[in-house]
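All chains, full assembly: derive it from the sequences and hints.
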Amino acid sequence: MKKLINDPGKTVDEGLAGFAAAHPDLVRLIVDPPFAVVRADAPLNGKVGIVSGGGSGHEPLHAGFVGPGMLDAAVPGAMFTSPTPDPILEATRQVSAGAGVLHIVKNYTGDVLNFETAAELALAEGIEVQSVIVDDDVAVKDSLYTAGRRGVAGTLLVEKLAGAAAERGDSLDRVAEIARTVNSRVRSMGMALAPCTVPHAGEPSFQLAEDEVEIGIGIHGEPGRERIALEPADRIVDRLIEPILEDLPFQQGDRVVLLVNGMGGTPQSELYIVFRRAAEVLADRGIVLARSLVGSYVTSLEMQGVSLTLLQVDDDLLELYDAPVQTAALRWGR
Amino acid sequence: MKKLINDPGKTVDEGLAGFAAAHPDLVRLIVDPPFAVVRADAPLNGKVGIVSGGGSGHEPLHAGFVGPGMLDAAVPGAMFTSPTPDPILEATRQVSAGAGVLHIVKNYTGDVLNFETAAELALAEGIEVQSVIVDDDVAVKDSLYTAGRRGVAGTLLVEKLAGAAAERGDSLDRVAEIARTVNSRVRSMGMALAPCTVPHAGEPSFQLAEDEVEIGIGIHGEPGRERIALEPADRIVDRLIEPILEDLPFQQGDRVVLLVNGMGGTPQSELYIVFRRAAEVLADRGIVLARSLVGSYVTSLEMQGVSLTLLQVDDDLLELYDAPVQTAALRWGR
Amino acid sequence: MGPVSTEGSVALDGAWTRRWIEAVAAEVSRRKAELTALDRAIGDADHGENLDRGFQAVLGKLDALDDGATPAAVLRLVATTLISTVGGAAGPLYGTAFLKASMAAGDRDALDAAALVEVLTAARDGIVARGKAESGDKTMVDAWTPAVEAASAAGDDVRAALAAAAEAAAEGAIATEPLVAHKGRASYLGERAVGHRDPGAESTALILAAAAETP
Amino acid sequence: MGPVSTEGSVALDGAWTRRWIEAVAAEVSRRKAELTALDRAIGDADHGENLDRGFQAVLGKLDALDDGATPAAVLRLVATTLISTVGGAAGPLYGTAFLKASMAAGDRDALDAAALVEVLTAARDGIVARGKAESGDKTMVDAWTPAVEAASAAGDDVRAALAAAAEAAAEGAIATEPLVAHKGRASYLGERAVGHRDPGAESTALILAAAAETP
Ligand SMILES: Nc1ncnc2c1ncn2[C@@H]1O[C@H](COP(=O)(O)OP(=O)(O)O)[C@@H](O)[C@H]1O
Ligand SMILES: Nc1ncnc2c1ncn2[C@@H]1O[C@H](COP(=O)(O)OP(=O)(O)O)[C@@H](O)[C@H]1O
Ligand SMILES: [Mg+2]
Ligand SMILES: [Mg+2]
Ligand SMILES: [Mg+2]
Ligand SMILES: [Mg+2]
Numbered sequence: 013m014k015k016l017i018n019d020p021g022k023t024v025d026e027g028l029a030g031f032a033a034a035h036p037d038l039v040r041l042i043v044d045p046p047f048a049v050v051r052a053d054a055p056l057n058g059k060v061g062i063v064s065g066g067g068s069g070h071e072p073l074h075a076g077f078v079g080p081g082m083l084d085a086a087v088p089g090a091m092f093t094s095p096t097p098d099p100i101l102e103a104t105r106q107v108s109a110g111a112g113v114l115h116i117v118k119n120y121t122g123d124v125l126n127f128e129t130a131a132e133l134a135l136a137e138g139i140e141v142q143s144v145i146v147d148d149d150v151a152v153k154d155s156l157y158t159a160g161r162r163g164v165a166g167t168l169l170v171e172k173l174a175g176a177a178a179e180r181g182d183s184l185d186r187v188a189e190i191a192r193t194v195n196s197r198v199r200s201m202g203m204a205l206a207p208c209t210v211p212h213a214g215e216p217s218f219q220l221a222e223d224e225v226e227i228g229i230g231i232h233g234e235p236g237r238e239r240i241a242l243e244p245a246d247r248i249v250d251r252l253i254e255p256i257l258e259d260l261p262f263q264q265g266d267r268v269v270l271l272v273n274g275m276g277g278t279p280q281s282e283l284y285i286v287f288r289r290a291a292e293v294l295a296d297r298g299i300v301l302a303r304s305l306v307g308s309y310v311t312s313l314e315m316q317g318v319s320l321t322l323l324q325v326d327d328d329l330l331e332l333y334d335a336p337v338q339t340a341a342l343r344w345g346r
Numbered sequence: 013m014k015k016l017i018n019d020p021g022k023t024v025d026e027g028l029a030g031f032a033a034a035h036p037d038l039v040r041l042i043v044d045p046p047f048a049v050v051r052a053d054a055p056l057n058g059k060v061g062i063v064s065g066g067g068s069g070h071e072p073l074h075a076g077f078v079g080p081g082m083l084d085a086a087v088p089g090a091m092f093t094s095p096t097p098d099p100i101l102e103a104t105r106q107v108s109a110g111a112g113v114l115h116i117v118k119n120y121t122g123d124v125l126n127f128e129t130a131a132e133l134a135l136a137e138g139i140e141v142q143s144v145i146v147d148d149d150v151a152v153k154d155s156l157y158t159a160g161r162r163g164v165a166g167t168l169l170v171e172k173l174a175g176a177a178a179e180r181g182d183s184l185d186r187v188a189e190i191a192r193t194v195n196s197r198v199r200s201m202g203m204a205l206a207p208c209t210v211p212h213a214g215e216p217s218f219q220l221a222e223d224e225v226e227i228g229i230g231i232h233g234e235p236g237r238e239r240i241a242l243e244p245a246d247r248i249v250d251r252l253i254e255p256i257l258e259d260l261p262f263q264q265g266d267r268v269v270l271l272v273n274g275m276g277g278t279p280q281s282e283l284y285i286v287f288r289r290a291a292e293v294l295a296d297r298g299i300v301l302a303r304s305l306v307g308s309y310v311t312s313l314e315m316q317g318v319s320l321t322l323l324q325v326d327d328d329l330l331e332l333y334d335a336p337v338q339t340a341a342l343r344w345g346r
Numbered sequence: 082m083g084p085v086s087t088e089g090s091v092a093l094d095g096a097w098t099r100r101w102i103e104a105v106a107a108e109v110s111r112r113k114a115e116l117t118a119l120d121r122a123i124g125d126a127d128h129g130e131n132l133d134r135g136f137q138a139v140l141g142k143l144d145a146l147d148d149g150a151t152p153a154a155v156l157r158l159v160a161t162t163l164i165s166t167v168g169g170a171a172g173p174l175y176g177t178a179f180l181k182a183s184m185a186a187g188d189r190d191a192l193d194a195a196a197l198v199e200v201l202t203a204a205r206d207g208i209v210a211r212g213k214a215e216s217g218d219k220t221m222v223d224a225w226t227p228a229v230e231a232a233s234a235a236g237d238d239v240r241a242a243l244a245a246a247a248e249a250a251a252e253g254a255i256a257t258e259p260l261v262a263h264k265g266r267a268s269y270l271g272e273r274a275v276g277h278r279d280p281g282a283e284s285t286a287l288i289l290a291a292a293a294e295t296p
Numbered sequence: 082m083g084p085v086s087t088e089g090s091v092a093l094d095g096a097w098t099r100r101w102i103e104a105v106a107a108e109v110s111r112r113k114a115e116l117t118a119l120d121r122a123i124g125d126a127d128h129g130e131n132l133d134r135g136f137q138a139v140l141g142k143l144d145a146l147d148d149g150a151t152p153a154a155v156l157r158l159v160a161t162t163l164i165s166t167v168g169g170a171a172g173p174l175y176g177t178a179f180l181k182a183s184m185a186a187g188d189r190d191a192l193d194a195a196a197l198v199e200v201l202t203a204a205r206d207g208i209v210a211r212g213k214a215e216s217g218d219k220t221m222v223d224a225w226t227p228a229v230e231a232a233s234a235a236g237d238d239v240r241a242a243l244a245a246a247a248e249a250a251a252e253g254a255i256a257t258e259p260l261v262a263h264k265g266r267a268s269y270l271g272e273r274a275v276g277h278r279d280p281g282a283e284s285t286a287l288i289l290a291a292a293a294e295t296p
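Protein chains in written order, with our numbering: chain P, 13 to 346; chain U, 13 to 346; chain E, 82 to 296; chain H, 82 to 296.
Everything labelled a hint here was simulated from the structure, so no lab data went into it.
Computed from a predicted structure; not experimentally measured.
Where hints are given, some of them may not hold.
Beta-carbon label-pair distances, calculated as ranges [unchecked claim]:
1. U:Gln263 - E:Arg111: 45 to 55 angstroms
2. P:Gly138 - E:Ser216: 38 to 48 angstroms
3. U:Gly58 - H:Ala92: 18 to 28 angstroms
4. H:Ala241 - U:Gly21: 34 to 44 angstroms
5. P:Gly214 - H:Ile255: 25 to 35 angstroms
6. H:Gly187 - U:Asp44: 54 to 64 angstroms
7. P:Arg297 - U:Val43: 23 to 33 angstroms
8. P:Arg247 - E:Ile255: 39 to 49 angstroms
9. E:Arg111 - U:Pro261: 47 to 57 angstroms
When the alpha-carbon atoms are kept at most 35 angstroms apart in a straight line, the in silico DSBU-like pairs for lysine-lysine are as follows [said to hold, decoys possible]:
10. P:Lys22 - E:Lys142
11. U:Lys153 - H:Lys113
12. U:Lys14 - P:Lys153
13. H:Lys213 - U:Lys14
14. P:Lys153 - E:Lys142
Heads up, incomplete: computed chain P residues facing chain U, CB under 7 angstroms, no partners named [stated by the list, open to error]:
15. Lys14
16. Pro20
17. Gly27
18. Phe31
19. Glu238
20. Ile240
Glycine is no exception: its CB is placed at the ideal position from the N, C-alpha and C atoms.
What follows is the structure, given as structure tokens:
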């Protein structure tokens with residue numbers, strides 16, 4: 013294992029210390045209980061607070077999205093491990109400004125349970141909390157016989173659009189409704205060429221042969237649909253986009269935001285090769301590419317691979333997408 | 013070699029096609045002669061045009077920096093290979109708006125020679141061209157007995173500040189002078205944990221043992237100062253920052269922009285661990301951290317590693333750094 | 082307080098509860114890599130690390146407890162510490178288990194066999210209430226439920242009850258191997274989870290084995 | 082035009098120049114990996130790929146030339162094609178070499194030994210003017226300069242002059258091995274470049290060997 017770290021047990025702490033030192037204009041770091049990254053100017057009078065979080069190792073998710081127009085706080089857990097209720101509660105307190113707080117939670121048992129406890133404790137302190145569970149990953153069957161779909165790169169879009177709604181002054185009910193609408197219209201699927209290594213584990217989370225790829229990979233290296241022989245990028249894109257298109261389903265005339273997301277160790281040129289084919293498939297289907305986002309936003313340490321995300325938008329959602337955002341990892345508008 | 017590509021010979025073409033398809037609001041793609049990425053609204057009446065370029069594989073450099081406040085055109089060559097004069101000339105024509113054109117060239121023999129030819133041809137067509145050579149890499153001795161220092165991540169800052177000067181309407185002489193000033197005050201050094209593989213080569217550009225790292229690596233995988241056993245991140249940062257600080261030298265009371273740049277395959281959390289130590293060293297020396305930039309901006313495909321860049325700034329340079337920029341890879345301000 | 086005979090019966094008082102938890106912490110630490118390896122196969126390779134972080138934190142807090150602390154007080158400390166240090170799925174689930182166990186122990190100074198069964202049942206029910214797993218879903222519930230049943234069938238010798246619970250939990254953990262998972266991360270694997278033991282069921286067996294062996 | 086005897090002398094006319102360039106293209110293609118491997122050791126692993134891209138492009142354009150094209154016309158086509166397709170350091174350097182060679186060839190229908198020396202000298206001088214390398218800097222100049230000198234010492238048989246140039250270039254390429262580089266990417270390596278042959282010197286030797294062998 014070769015990493016730019018000092019101590020496998022301190023990677024989360026030191027990475028957050030660096031993040032806070034690099035972005036003092038955007039965030040402050042809560043170290044007790046460890047850890048929460050809170051928007052520098054929170055709480056903002058009368059604004060709904062938005063808190064997200066989850067295991068570390070998916071950077072820039074979530075801390076990189078704290079700032080005007082997006083999250084009020086991010087609660088990073090240990091590497092790939094949901095945070096405990098204490099820092100979630102503390103973050104909720106710090107961003108509560110009288111208008112209630114929205115928790116955006118990726119659908120993993122640990123995240124759901126820990127955010128649930130924190131929400132109960134916050135409620136007991138008189139803070140109104142609503143929770144939205146994100147489960148956009150079509151690689152996993154959503155049935156009574158699974159923990160349900162995982163929350164993956166679509167989380168970024170839920171955070172962006174809900175954040176924009178909160179920023180313009182929408183009520184907690186309305187912000188939560190928007191977050192649920194976005195979740196209901198966003199679908200993702202990912203793949204891996206090569207695994208990542210969690211620092212304290214010291215060995216790769218899974219093994220792939222030199223000619224194998226995993227289709228439907230999770231962002232913690234959880235296996236997905238199938239393991240196949242390496243194929244040209246265009247064929248791999250087809251394997252990812254078909255299940256996404258069929259699922260909602262996305263139809264001719266739909267307008268979409270297309271997010272091509274790198275898993276952490278994928279060069280940008282490959283993301284654009286993937287984008288090219290995905291845009292081609294959409295054009296073939298008569299689906300309108302309303303907006304494009306390409307980058308490594310919801311990652312899995314240095315995993316090599318990519319995920320595709322499609323969000324079906326109308327004018328209202330597009331307005332929220334286009335609204336200004338000022339965070340370490342996502343910036344546009346004013 | 014496991015990559016998200018279709019054909020090793022087409023990675024540059026397809027990546028650029030994807031880039032242009034993702035960012036039609038920012039750029040247009042010139043395919044004949046292949047290739048140049050030109051700002052969508054170029055030429056801008058009376059504005060100095062800024063053209064940069066070089067081998068592909070360093071994305072988002074340079075195409076990711078085309079847009080308001082930065083480059084007017086980027087000319088990508090084959091993978092790791094300087095472009096030929098033809099597309100440089102064509103890009104120069106397309107951004108020429110009567111106020112002259114600045115070429116920003118990284119100091120590699122190939123880039124220097126090809127841009128030189130293009131500049132001569134442009135001049136013959138009546139376009140006034142000035143060239144600035146960027147050579148910020150302190151890993152290589154600048155002596156009569158080498159090709160001189162390489163241009164690495166500092167190029168991004170030369171492009172940003174010169175771009176801001178051109179955008180506010182400075183003359184060609186002034187923009188070139190600013191670019192040269194930035195180059196004279198910026199210093200970088202990088203390292204690699206693991207090599208990258210150029211698609212058409214099919215095998216890694218160099219070999220490192222499981223416990224080895226290369227200090228002073230170039231952005232094409234060119235060897236640097238020394239090969240040493242893996243050390244904690246903080247020690248590695250010290251090895252990179254010391255030669256940088258000594259070189260200018262940077263002194264107590266100086267204000268600096270600190271750029272921590274990922275080589276392509278490095279997870280963001282590691283970049284922030286590196287940032288943390290670099291900021292600590294600066295604080296120890298009484299050097300003032302005026303601005304911070306952390307991300308994978310000047311890369312080497314999927315190489316794992318990091319580079320540090322320091323730019324000494326005064327109020328004027330800081331104003332140019334802070335000026336609005338709207339490109340695919342760098343955005344701030346309005 | 083001197084060493085307690087390992088023969089015959091034992092009083093499950095506050096001091097015993099503390100010794101048991103210390104033994105759990107030691108075992109988790111020793112078998113951390115093994116638990117994580119089980120989780121690597123069908124999860125995300127952190128179960129051993131998670132529990133070790135939690136029980137090491139518990140060790141650090143045990144000293145602050147009164148010497149005369151009741152079983153409930155020890156269990157409550159374990160619960161709150163696991164909740165605030167473990168995270169993931171195991172943190173809230175084990176946290177709830179110890180919390181409900183502590184509530185079931187009430188103000189008793191020591192647990193007799195009947196109380197032990199009540200406590201184990203409360204722990205199991207807490208996990209089921211939080212995680213909504215059924216038997217056969219390939220989770221820690223598949224170790225807890227047989228353990229509760231075996232303890233209640235063991236009569237009124239606490240040591241026999243503990244031994245029966247430990248044995249049943251161990252068997253329950255092994256019995257998760259042929260199953261497809263319906264809860265937790267392993268559920269994402271479908272048929273590919275077959276043949277692997279559930280890490281949480283294994284850590285449950287570890288916790289109950291430590292109880293059976295605690296003098 | 083039929084095959085030309087490989088014995089005795091040969092007319093270095095436009096047709097010969099074309100056959101030579103075709104032979105270069107074939108050799109570069111065949112030895113591409115070898116040239117790239119030399120560049121991997123002390124550069125950036127693209128020299129073979131770069132030249133192959135360029136000479137394949139040249140092949141595609143040769144057909145469009147007049148049958149009666151002069152040596153200068155062929156050399157000029159090579160120059161402009163290399164300049165617009167190779168890139169990197171080798172593109173402008175070889176481009177300039179062929180351009181200056183073409184200018185030196187003038188409107189001659191064929192080159193005699195004296196003209197050949199003029200042409201080779203012009204090529205070398207063009208490279209030196211663009212790249213500013215001196216002898217011993219571990220670049221292609223270390224193959225060109227001995228080649229020019231050997232050709233001019235060879236008397237007035239063109240075949241002998243070509244053979245001498247090829248041999249000297251090959252020796253010059255080998256002689257780059259013990260050197261530290263002062264130009265190009267290899268200069269970044271300092272002492273670590275010692276023991277490796279310069280890829281550009283090797284490709285120069287290839288180009289001149291092809292000339293010596295072209296009937
Ligand atoms: N819904 C559930 N009900 C009961 N136990 C569960 C449930 N989900 C997960 N588990 C248990 O948690 C264990 C995994 O714990 P751990 O690896 O620490 O958490 P995470 O899955 O968040 O990484 C599984 O092996 C399983 O026994
Ligand atoms: N300044 C120079 N003068 C003469 N030849 C040079 C000079 N710089 C580089 N070269 C030659 O160019 C060769 C490298 O060519 P190539 O690999 O195609 O270009 P690049 O270095 O841009 O990748 C070197 O082996 C050397 O012979
Ligand atoms: Mg986990
Ligand atoms: Mg090159
Ligand atoms: Mg786990
Ligand atoms: Mg080269």
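Taking the hints in turn, this is what the structure says about them:
1. Against the hinted window of 45 to 55 angstroms, the Cβ-Cβ separation of U:Gln263 and E:Arg111 comes to about 54 angstroms, which satisfies the hint.
2. A hinted range of 38 to 48 angstroms holds for the C-beta pair P:Gly138 and E:Ser216, which are about 39 angstroms apart.
3. As the Cβ distance of U:Gly58 to H:Ala92 is approximately 59 angstroms, the hint placing it in 18 to 28 angstroms is violated.
4. Between H:Ala241 and U:Gly21 the beta carbons are some 41 angstroms apart, a value that agrees with the proposed interval 34 to 44 angstroms.
5. In this structure the hint that P:Gly214 and H:Ile255 lie 25 to 35 angstroms apart at CB is violated, the actual value being about 47 angstroms.
6. Distance hint check for H:Gly187 and U:Asp44: the Cβ-Cβ separation is about 33 angstroms, which falls outside the suggested range of 54 to 64 angstroms.
7. Checked against the given bound of 23 to 33 angstroms, the beta carbons of P:Arg297 and U:Val43, roughly 25 angstroms apart, stay inside it.
8. Under the hint 39 to 49 angstroms, the C-beta atoms of P:Arg247 and E:Ile255, about 42 angstroms apart, fit the expected range.
9. Between E:Arg111 and U:Pro261, the C-beta spacing of about 53 angstroms keeps the proposed range 47 to 57 angstroms intact.
10. Annotation: proposed proximity of P:Lys22 to E:Lys142 holds, straight-line Cα distance about 22 angstroms (limit 35 angstroms).
11. Under the criterion of a C-alpha separation no larger than 35 angstroms, the hint pairing U:Lys153 with H:Lys113 is consistent with the structure, at around 31 angstroms.
12. The hinted pair formed by U:Lys14 and P:Lys153 meets the criterion: a straight-line CA distance of about 28 angstroms does not exceed 35 angstroms.
13. As the CA atoms of H:Lys213 and U:Lys14 are separated by approximately 40 angstroms, the hinted pair breaks the 35 angstroms bound.
14. About 42 angstroms separates the Cα atoms of P:Lys153 and E:Lys142, which puts this hinted pair outside 35 angstroms; it is violated.
15. For P:Lys14, the interface hint holds, since its Cβ comes within 7 angstroms of a Cβ in chain U; the closest pair sits about 5 angstroms apart.
16. With a least beta-carbon distance of about 11 angstroms to chain U, the hint placing P:Pro20 at the interface is violated under the 7 angstroms criterion.
17. At about 4 angstroms, the closest approach between the beta carbon of P:Gly27 and any beta carbon in chain U falls short of 7 angstroms, and the interface hint on this residue holds.
18. Checking P:Phe31 against chain U: minimum C-beta separation of about 5 angstroms stays under 7 angstroms; hint holds.
19. The closest approach between the C-beta of P:Glu238 and any C-beta of chain U is roughly 17 angstroms, which is over the 7 angstroms cut-off, so the hint fails.
20. A distance limit of 7 angstroms between C-beta atoms decides the matter here; for P:Ile240 the minimum to chain U is near 13 angstroms, and the interface restraint is violated.
Comparing the model with each numbered hint stated earlier shows that hints 3, 5, 6, 13, 14, 16, 19, 20 do not hold.
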